[in-house]
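K.L.:
Could you build all of it, start to finish, from the sequences and the hints given here?
Protein chains in written order, with this note's numbering: chain A, 1 to 403; chain B, 1 to 175; chain C, 1 to 167.
Because the hints were derived from the structure by calculation, they are not lab data.
Some hints here could point you the wrong way.
In silico EDC-like pairs for lysine to aspartate or glutamate, Cα to Cα no more than 16 Å straight-line [what the hints assert, rightly or not]:
| hint | chain 1 | residue 1 | chain 2 | residue 2 |
| --- | --- | --- | --- | --- |
| 1 | B | Lys80 | C | Glu140 |
| 2 | B | Lys80 | C | Glu153 |
| 3 | A | Lys333 | A | Glu65 |
| 4 | C | Lys47 | A | Glu225 |
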Amino acid sequence: MAEQSIYGEENIDQEVKQYNTLNLGPTHPATHGVFQNVLQMDGEIIMSSEPTIGYIHRAFEKLAEHRPFYQVTPITDRLNYCSSPINNMGWHMTVEKLLGVQTPKKVDYMRIVVMELSRIADHIVCNTVIGVDTGALTGFTYLFQERERIYDIFEEMCGARLTTNIGRIGGFEREFSAKAVQMIRDFIAGFPKRFDEFEGLLLRNRIFMDRVINVGPITGERALEYSFSGPNLRAAGVDYDVRVMNPYCSYNDFDFTIPIGTNGDTYDRFCVRQAEIRESLKIIETALNNMPDGKHMADCPEFYLPAKKDVYTSMEALIWHFKIVMGEVDLPKGEVYHAVEGGNGELGFYLISDGGRTPYRLHFRRPCFIYYQAYPEMIKGSMLSDAILTMSSMNVIAGELDA
Amino acid sequence: MVEAPAGVEGQGFFATSLDTVIGLARANSIWPLPFATSCCGIEFMATMGSNYDLSRFGSERLSFSPRQADLLMVMGTIAKKMAPVLKHVYEQMAEPRWVISVGACASSGGIFDTYSVLQGIDRIIPVDVYVPGCPPRPEQIIDGVMKIQELVKSESLRRRNQPEYKALLASYGIE
Amino acid sequence: MALTQETTLARLQDHFADAILSHDAPYGFLTIEIPADRNLDVIGFLKNEADLAFGYMTDLCAVHMPNQPGREIAVVYHMHSLTNNVRLRLKCWIPEANPEIASATPLFAAANWMERETYDFFGVRFQGHPNLKRILNVDEMEMFPLLKQYPLEDSSREDKDDRFFGR
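P.N.:
Rendered as structure tokens:
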């Protein structure tokens, strides 16, 4: 029997479910970066979401077509800006592959030290931010002090803290100074204790575990379909690490384990990054202890900027410096793809050169962009606060997402 | 030691102009809105960390809601897609409000002279202090905030009604 | 016997005699050119064959070469067989006047956003894509910026004088 409600509607026993549309972002305290998600919510449960990105699209690929090779390095800095040196090294290795330059072992070991330090810095940001999003700000304050020590090391090496523009095509501009080596050794000595302190705050913390276990899970098969890579893929159980699969830069001299998780949920991603930080520390220590003798650059004078003291005193070195930076040296034709293990996964550089002074086409295979597609699937059916944690545990860096 | 402002002092009282007192109070309790988009945002996180500590300057409480913020800190590149969002956020802020543009990208587009990047946020909102750098060191960001503090201390309480300010906002199309 | 680039190429040539238009290995990376209308066949074969197992789509992008009439835009797929540790690159050339190619989303979920990015930058229309719209640029943009005929800078900017910038 059709009842009449006090509002004059008929058939009030029929329930029409309407979802609430909630706009998350692009400016939001908990989305660390500018991306928008329009969520359809049934109360607190997320039914579907549609992400919108591009709010920091800076046209890197088009920009790279107009910049000679050394001027592309600052652009690569700004991809995953939490670990800029990895991007720089990856780019230099790509160009070296194109040129056929073989770097001496010493350069490889120096590069490994720099890359692993920046990997630690990147994972520190991600893990402390997972803590912040659950409400635990102490870990952030403790570990960012460690990040300052890493910044000091980078500053000693290349002059910049965050967007480092470090290295040259063929090696480095100078050896690690004694002060830098001492700072790295002090870091290796002092960091584990403070890191254990941070881990003790969160890892077996009942509240943290309740908040992050089974939040935003993804299976290994699904992760492979979405071309996940890096810690997110390893947390889902697939042990794919570019450093082991396609070793570059003498990584095959080093013995390190690849931590993998089981469920692919936020807790696994957190734990995988924790373990990777410890592995990176071991790698840095081994590299410093076994640092081979040799030059800190390869023999490619057409692409390696001359030493600064020569540039300031000798006319020929000054002219060479100018020519190389302004791109007056032509490159060989060819196409090359080189991938490095970035903080977020397989960071690939697809470079096509037509013999001119700038790349004809440079495409960045950005891991963040590719795995963020899975986000709607990962948060479907979970609650809003879980969606925030999933996003922060995926370590989505807006610079790498939009490029 | 910080000096007291000019005023008449006596036993248990201190008389000065209202402007000065309110300026002092405002300057030392600025609530910033960190509009962090890219790399400068990470340097801001370092500034808020314990080594550089922006909260010493009264900015302990970051407000992500523009309605509750005094200072809009735009840190990072603003793309043309983000520009309407930034303007919307600025319009929601209540007077008195200040804007600091941190980094080369926010000040002028930075190294990204491309089709998709807004060449400086002062194309859409009025800016009080520009902090150059790519990214600026935390000390520079703090210097920028201190300059904002100078502006806040010396600003008239009637700024929002002054014709120059109204003309400035009108030139941006903001009511 | 473990799979190598040579054996992969041999398997593809056995199965798709007419679809392998050319092959090369610049810098040791097997690069195969296939016709644009056979892209799903080849990718599906690579993915589904048990011994090939190219189950990981590393990358999907495009390249614009305006000096080759009729074959201006190349859609490039980078594939990776994780179990066999073999990588290869597939290239499909399509004309700029009608840049259409079948979408790889039924095979790989990762192709979704990568194809949207390729559409956004080059205008390549992927048939069968569930949601082909711009992803990184503003939705109202009319041009496809990474094509070679468009400039890097915004043409409507008035604050930079090209005389001072050497252009």
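K.L.:
Run every hint past the structure and note whether it holds.
P.N.:
Hints versus structure:
1. B/Lys80 x C/Glu140: Holds, because 11 Å separates the two Cα atoms, which is no more than 16 Å.
2. B/Lys80 x C/Glu153: holds (13 Å)
3. A/Lys333 x A/Glu65: holds (15 Å)
4. C/Lys47 x A/Glu225: holds (11 Å)
The structure is consistent with each of the numbered hints, conforming to all of them.
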